[in-house]
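Asker: Keeping the supplied structure of chain A fixed, place chains S, C and H upon it in accordance with the hints.
Chains as they are written, first to last, in the numbering used here: chain A, 1 to 160; chain S, 161 to 320; chain C, 321 to 769; chain H, 770 to 1218.
Hints may be right or wrong, so weigh each one.
What the hints assert, rightly or not - Keeping only pairs whose Cα atoms sit at most 30 Å apart, straight-line, the calculated DSS-like set for lysine-lysine is: (1) C:K324 - A:K143; (2) C:K323 - A:K143; (3) C:K324 - H:K1201; (4) S:K303 - H:K772.
Claimed, not checked - Heads up, incomplete: computed chain C residues facing chain H, CB under 7 Å, no partners named: (5) R339; (6) Q342; (7) E343; (8) K347; (9) E494; (10) A498; (11) R499; (12) G625; (13) G682; (14) F683; (15) V687; (16) E692; (17) N714.
Stated by the list, open to error - Partner residues aside, some chain A positions facing chain C, computed with beta carbon under 8 Å: (18) V113; (19) M123; (20) G148.
No lab work stands behind these hints, which were simulated from the structure alone.
Cβ coordinates follow ideal geometry from the N, Cα and C atoms, glycine included.
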Amino acid sequence: MLNDASGEQLGPIQELIDLLKRNNLTELEVERGGFRVRLRHETGTRPAVAASAADVIPAAPHTRAESASMPLPAETAGKVTITSPIVGTFYRSPSPDADPYVEEGDLVKKGQVLCIVEAMKLMNEIESEVDGRVVKILAESTKPVEYGQPLFLVDPTPTS
Amino acid sequence: MLNDASGEQLGPIQELIDLLKRNNLTELEVERGGFRVRLRHETGTRPAVAASAADVIPAAPHTRAESASMPLPAETAGKVTITSPIVGTFYRSPSPDADPYVEEGDLVKKGQVLCIVEAMKLMNEIESEVDGRVVKILAESTKPVEYGQPLFLVDPTPTS
Amino acid sequence: MFKKILVANRGEIALRVIRACQELGIKTVAIHSEADTHSWHVRAADEHVCVGPPEDALSYRNIPNVLSAAEITGAEAIHPGYGFLSENAHFAEVCESIGVKFIGPTSENIALMGDKAKAREVVARRGLPVLPGSPGELRNESEALEAARKVGFPVILKASAGGGGRGMRVVNKEDEVARAFQAAQAEAKSTFGHEGVYLERYFLEPRHIEVQVLADDRGRVVCLGERDCSIQRRYQKLVEETPSPAVNEALRREIGRVALDAIKAVHYRNAGTVEFLLDKDQNFYFMEVNARIQVEHPITEMVTGIDLIKEQIRIAAGLPLAFRQQDIRITGHSFECRINAECPEKFTPCPGLVTHYRPPGGFGVRVDSAMESHSQVVPHYDSLIAKLITHGQNREEAMARMRRALDEFVIEGIKTTLPLHRRIFSDAEFQKGRVSTSFLERLLTNQSN
Amino acid sequence: MFKKILVANRGEIALRVIRACQELGIKTVAIHSEADTHSWHVRAADEHVCVGPPEDALSYRNIPNVLSAAEITGAEAIHPGYGFLSENAHFAEVCESIGVKFIGPTSENIALMGDKAKAREVVARRGLPVLPGSPGELRNESEALEAARKVGFPVILKASAGGGGRGMRVVNKEDEVARAFQAAQAEAKSTFGHEGVYLERYFLEPRHIEVQVLADDRGRVVCLGERDCSIQRRYQKLVEETPSPAVNEALRREIGRVALDAIKAVHYRNAGTVEFLLDKDQNFYFMEVNARIQVEHPITEMVTGIDLIKEQIRIAAGLPLAFRQQDIRITGHSFECRINAECPEKFTPCPGLVTHYRPPGGFGVRVDSAMESHSQVVPHYDSLIAKLITHGQNREEAMARMRRALDEFVIEGIKTTLPLHRRIFSDAEFQKGRVSTSFLERLLTNQSN
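Okay, chain A solo, but in the shape it has when bound (with noise of 0.2 Å):
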């Protein structure tokens, strides 16, 4: 990593980050020590195409990791991502009048509910996999969501 003892933030990151963007590489692999550099421009692998999809599914974030075999929680610089185990729409309440679950800032324990997806007129009751806070939820009320799209994400380790 770039960001190193002497406390270098992001800065350089983005800046390289823009550089990837600019140049459509695929890949850029810096290292300090020995000076090393991996750049890599892949031109066959496309972006998606598919222009309407994104309205109706939000697309799942392409560095999910291809060979994950199992709905994991990823922990994304500390955090808990709780994906969806399955196809269906997204319910952040049990029902139309109610409270949702959860909002963001709540504590939540290993176990609890956080929402439901229903599939197949079937409402499945999703559970916090961790205790700890909820940070972010993302995914909105009442939207299909597909296998593996993140949907909240948990913070592991609160401070109050």
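Answerer: Relative to chain A, chains S, C and H alone:
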């Protein structure tokens, strides 16, 4: 070196990217400590598959400038390459019984006949374009030559 | 006609179905596993839904997720392709029950055709020629002997749970039956954990001939000619052609008649394939009906001009067939080579990154594939990565075209069956059309000698 | 049959000819300029010879070097493709004189067809309908008036040295002739440096209809149907189709008869195309004969199944045509799009590196191209880089397939005419087949408004 405390920034990386693009590389790896270089060039430009062609037509060097619009002699480490200006059959001597026009090591004058390329029963005399010494004869007598094929390597600055 | 179809498959057949939908002006939904996020079929569709992890049981065969994907995207119909859920009667039934049209045969058709013994019985009752064999498993030596006498020697004993040639014993004479039965039972038990053995008439060097049929909701059926799929390795087809060089016009009419009769007997609907075994004396026997579109369907399209996927969709939408039997005209000859990502020696799958992919082109050449340069062949699924199909005015031209196209095909980074196909098409016996289902094993044996 | 053929061309047509040779078992020699050393046609051939620098006059049109290449490789015949030396009567004559077979018409055929006025005269003498016009250049206003009266109004005045629409004047009435003649002459002189002007009958929104013919050495001729090439931009064809939506069965038979009659009148040999103008009242007029294989020949191959390049080679080898007129059957419908490396607005050539090239595939789709990923489009030659051809059971299917294939076609790194083709195929008038040679200019004008 790339982005260290002294403030050296992304210039070298952009240079490397330009290098990558300019040369149509898909990958470029550089390491400084142990002198490591890794280049990748995945292209549609495949080597010639015409196996039998090699027997009939000695392949022209692949480094030949594609933009060269005239059969100019190419400088090769200070040497001048005399190429065939036409397609035909290469003869080192004016007739089967005669001595070759030149041998390797001979001194030649500009305008001196070096060989014949026969095309459609016409004998075309190929002259040296410089004063110098014949360093190497690059084609075999009685064999076909293509346009631009190197025939002689002449050193224009012989020591004697 | 449907406005939106979900394609419950991947790879070349998913792209094939999506292309047909695009030409019909129908919107498409692709499903995919996490291993196929960047696949061509996903990019080609109007919408795409991830339905699970790479394992097909949890994604492409995951019925709740697949149906849920149809629900959230509002797809009115599902095309299952081949493999995966295509011959799952339960899936077809659930589709019907929730009002999503399953593009294929009825669930009853699939259930009956999945029970091969029963399907044979129904066809036999109709008086059609079926492959002679024991009605079910043989309990002891005397049952085996009795069945063998009835069927006629030579016979072959097969393990019920078997496949791939294990547990098989060819028996030529009556006094060999007892020992062969015991040996087959023992091998079946040790190999498959189940000692059940049954018996069939054994044919020396038969050909595999199959007939493509279409049947609409109103009972109209048409036959689109036969395909010769005799080039197989352990029951895996590698090369197919149509028309068969072993079938003359009279036999063609007769097999077609039997195929249509069999289809009518089981009240079959949509596209299907009736498989026959053809012996050296030009006798043919009904084996089974494949209740799906088949991998090798393109060669029939090449000689008839009929887009079978579009016909499947039209039939599922309740439209009548737009042509009758007399409108079908077979023009020229067609071959298909299945290009698999396999090591050519041992046929083990060979996944990996395709560093360079350049399909052949030009007149009479068709490529059905979802590959391109930098595609990843993932290890989780079938190793078929491309189907190379040629068409010519006659067998010689289609064959010469295939040789030319095989030479032109460039796939780098992984090993494929391309070299084997080049070898098959330069074989003198193959060129003469003198092949049987043992052709390929023999060719491979000659290679290793 | 020939054992070895030299292909005196480059790009897609060179690869097209090489493929045909490979399928016939004939060895091939590619020639190339220094700009094409790494081109696919060079790699596809059995041998290759560099014949000169990038300029085509010094390489592909360099007669001594091309013939010398044939000599040193022992090629028995030369296929010229289209363009370059294909309609050079002198080249054909030299080939004949040194015993190398020129695969195409006789040098006499080429010479006659190159003199368009004379060719027209020969055909008119035969009593066939030719485009009415002045016999040659008009010396003064009264000659112009006389010719216009004879031809019938409206007429168009054209600069002899002209092209691209400059120096043209449409004249509707007698009293406009004098002024129009002066203006046309002045514009001709200022634009082309030569004031010569001639006159033709002017047709409002005509269609360009052409007929493919084959003629063997023994005088047998067959007609392979017509092509409609009305989608043009400044006399450059962009889209072609067959059959023409403007030609019914009776007209088809009549045009075919006239085409064959014209071919016989000039003792034509090998493949050729008879070009007609079709007016709004279904009258047709002979324009000229193209004495070569044409860019758009594939659509005729798609609907007849006949490989025109192979037929050219067979005829040149002295073989009789293997089929008669009654054997020719037109099946389905076919379109071709010429994909040029051009900026879509101004149609200026746009050479460069193709960073990604992914041709469309599947049923009914043919691509004739020598491009692949990382190919270089060099600036020295024609901007045509790919021909996309589709075939369907009828016009609607072939059209839907073309739309699908155009959407699927990926060419990155350079600008191409792909977007324009997508626009043409989504145009309602085009879809109805209601087009003329002014269609494209109008479409482009609407775009800029």
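Asker: Hints numbered earlier in the text: which of these fail when held up against the supplied structure?
Answerer: The structure breaks hints 8, 9, 10, 11, 17, 18, 19; every other hint is satisfied.
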